[in-house]
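Could you build all of it, start to finish, from the sequences and the hints given here?
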Amino acid sequence: MRLEALARAAVAEVLKRLSLPSPPGEIPLERPDKAEYGDISSRIAFLLAKELKRPPQEIARDLAGHISHPDLSRAEAAGGFLNLYVRPEALRRILGEIIAEGEGYGDWPLGGGKPLQVEFVSSNPTGPLTVGHGRQAALGDALANLFSALGWEVTREYYLNDEGRQIELLARSLWARYRQALGEDVPVPEGGYHGDYLVPIGEELAREWGDKYPEWSPQAAEAFRAVAVERMMAMIREDLAAIGVSFDVWSREGDLHRRGVVREVFEALRERGAVYEKDGAYWMRSTEYGLSRDPVLIRSDGTPTYLMVDIAYHVDKYRRGFVRVIDVQGADHVEEQQQVKLALRILGYPEGFLDYCVHQFVTLKGREGIERMSTRRGKFLRLKDLVDELGRDVVRYFMVRRRPGAHLVFDLELARKTSMENPVYYVQYAHTRIASIFREAERSGELPAAPRGPELLRAADLSPLEDPDELSLIKELDRFPDVVRNAAESYGPHLLCEYLEGLAGVFHPYYNRVRVLGQGEATTARLALLWATKTVLAKGLALLGVSAPEVM
RNA sequence: GCGCCCGUAGCUCAAUUGGACAGAGCAGCGGCCUUCUAAGCCGCAGGUUGGGGGUUCGAGUCCUCCCGGGCGCGCCA
Numbered sequence: 013m014r015l016e017a018l019a020r021a022a023v024a025e026v027l028k029r030l031s032l033p034s035p036p037g038e039i040p041l042e043r044p045d046k047a048e049y050g051d052i053s054s055r056i057a058f059l060l061a062k063e064l065k066r067p068p069q070e071i072a073r074d075l076a077g078h079i080s081h082p083d084l085s086r087a088e089a090a091g092g093f094l095n096l097y098v099r100p101e102a103l104r105r106i107l108g109e110i111i112a113e114g115e116g117y118g119d120w121p122l123g124g125g126k127p128l129q130v131e132f133v134s135s136n137p138t139g140p141l142t143v144g145h146g147r148q149a150a151l152g153d154a155l156a157n158l159f160s161a162l163g164w165e166v167t168r169e170y171y172l173n174d175e176g177r178q179i180e181l182l183a184r185s186l187w188a189r190y191r192q193a194l195g196e197d198v199p200v201p202e203g204g205y206h207g208d209y210l211v212p213i214g215e216e217l218a219r220e221w222g223d224k225y226p227e228w229s230p231q232a233a234e235a236f237r238a239v240a241v242e243r244m245m246a247m248i249r250e251d252l253a254a255i256g257v258s259f260d261v262w263s264r265e266g267d268l269h270r271r272g273v274v275r276e277v278f279e280a281l282r283e284r285g286a287v288y289e290k291d292g293a294y295w296m297r298s299t300e301y302g303l304s305r306d307p308v309l310i311r312s313d314g315t316p317t318y319l320m321v322d323i324a325y326h327v328d329k330y331r332r333g334f335v336r337v338i339d340v341q342g343a344d345h346v347e348e349q350q351q352v353k354l355a356l357r358i359l360g361y362p363e364g365f366l367d368y369c370v371h372q373f374v375t376l377k378g379r380e381g382i383e384r385m386s387t388r389r390g391k392f393l394r395l396k397d398l399v400d401e402l403g404r405d406v407v408r409y410f411m412v413r414r415r416p417g418a419h420l421v422f423d424l425e426l427a428r429k430t431s432m433e434n435p436v437y438y439v440q441y442a443h444t445r446i447a448s449i450f451r452e453a454e455r456s457g458e459l460p461a462a463p464r465g466p467e468l469l470r471a472a473d474l475s476p477l478e479d480p481d482e483l484s485l486i487k488e489l490d491r492f493p494d495v496v497r498n499a500a501e502s503y504g505p506h507l508l509c510e511y512l513e514g515l516a517g518v519f520h521p522y523y524n525r526v527r528v529l530g531q532g533e534a535t536t537a538r539l540a541l542l543w544a545t546k547t548v549l550a551k552g553l554a555l556l557g558v559s560a561p562e563v564m
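In terms of my numbering, the first sequence opens at residue 13 and continues consecutively.
Treat the hints as calculated values from the structure; they're not laboratory data.
Relax, there's no trap hidden among the hints.
Calculated pairs, DSS-like style, for lysine-lysine (alpha carbon to alpha carbon, straight line, at most 30 Å):
| # | residue 1 | residue 2 |
| --- | --- | --- |
| 1 | K65 | K28 |
| 2 | K46 | K487 |
| 3 | K126 | K353 |
| 4 | K487 | K28 |
| 5 | K377 | K429 |
| 6 | K62 | K46 |
| 7 | K353 | K290 |
| 8 | K28 | K62 |
Structure, rendered in structure tokens:
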């Protein structure tokens, strides 16, 4: 039984024994940040104060005076809080349970194997992935990992927008590059894609096709669009491979049209009275529901807007059996998100079905200062170049280290450092140091190699663990599953970074001060503790898509 | 102008979702390697949480008004 369960049982028991009411919901518990507030504490007295018409401090004192549990050494009332101190034996028993759970430690059965989708990146195939998409790739993948750990059957999906005006512009831009390669002075269209990446493709087409398309025509549009989309997708796949993200499903906009989903969902909205006609177009009645404007669903030329397709896409997701969908999107899509959610509400889909993880943009802080990026203007840093320079681990870690809702300033100089200043290495190095101890233990014969070594650790006598840092380490390890759950449910993988840096921050001083090998009985106990620490570090890093190296 | 997000140490950011005296890492200063990797450890200094008002036993967190920044306000995606 973990710390919280133990404390909850103790508090529930004393409430019952003193015939006090239980608060609605669970008994609140916190991990105090100061040692003088105990190992775990509860603000329950504040919750009972109103009902009992007694001051919180008095209630807390009552509870502290009467609480009794074999695993608690002490209970104090301070400022209305009930502070509990756990016996070292109980902590050591918890460590034993963590070791027994092994790799599965940190997982939850909450999702019950139900299908959940994380849709992310979904960048238009109009250019390579930029640093901004990198944040989304890292974020989405980490969330997918986290929800898998919560027991959901997770699908990673990329929505591919292979039709529409932006693609038209892309094709036109590529055609211009093609003409340029043939020595003609055709400019890239206004608002088109000015990045260099189209230049070599234009040259290639010039060699291959010669002067086959001297004019911009429907035939040219067709040909250049097909090549452009195909080449851009190849580029994007390359970028995703570089950062180590892969998708289970690639869905295409064109597919939704062909299957008639778009038309059908539009009709459904119209039947619900959510649509009106004006200026030859069809609009959704959004202002009636408090949104700031009515958007167009079907243009006057009869083609559906991006929003209309997006709504249909989400209906389709529901029909495909997902019980929960999380879309990772940039802050520039918030209005769109409100419109989609509203449409789903009108259509009667369950409220919690669709959720958005909205993230702010990334700016790069290098020597030249902070730069803004734009794919269309060709002013951006390709994600792959950044990964090639810094490594996948650094890029991934930096991208998820901040709360998604906050702007991310990517500090290139810090990221380039291979020292303690770089938080990724700080965490990874803790893992490496432990690995090193195990290598040394095997070499010196203090611990046999796997599988016998781990078996011995599972059966180890943990009673020599009484150093305060050792007990702190156990308390940190005990928190891990809660961090995983919280990081997933609040869409905040950065909480995992915080945790891992904290865990490494307990380990490093301990390592520096306390010798593990050659300490007789204590050695096996310490190896067991470090085994658990190493497992949690590795698992935490894995959830973020970052490696846990044995050697650095 | 309207809507959404943000403002915390010199810098980059946390803060268990309303809890205790607001915490880290850089940058600054001073110490620690013949012992499992110094990519490390220890110590010092650093704050009116943008500002005012309000709700609450209790506010960085909720409400309100200012100030400053970002994003959006297309029959683009």
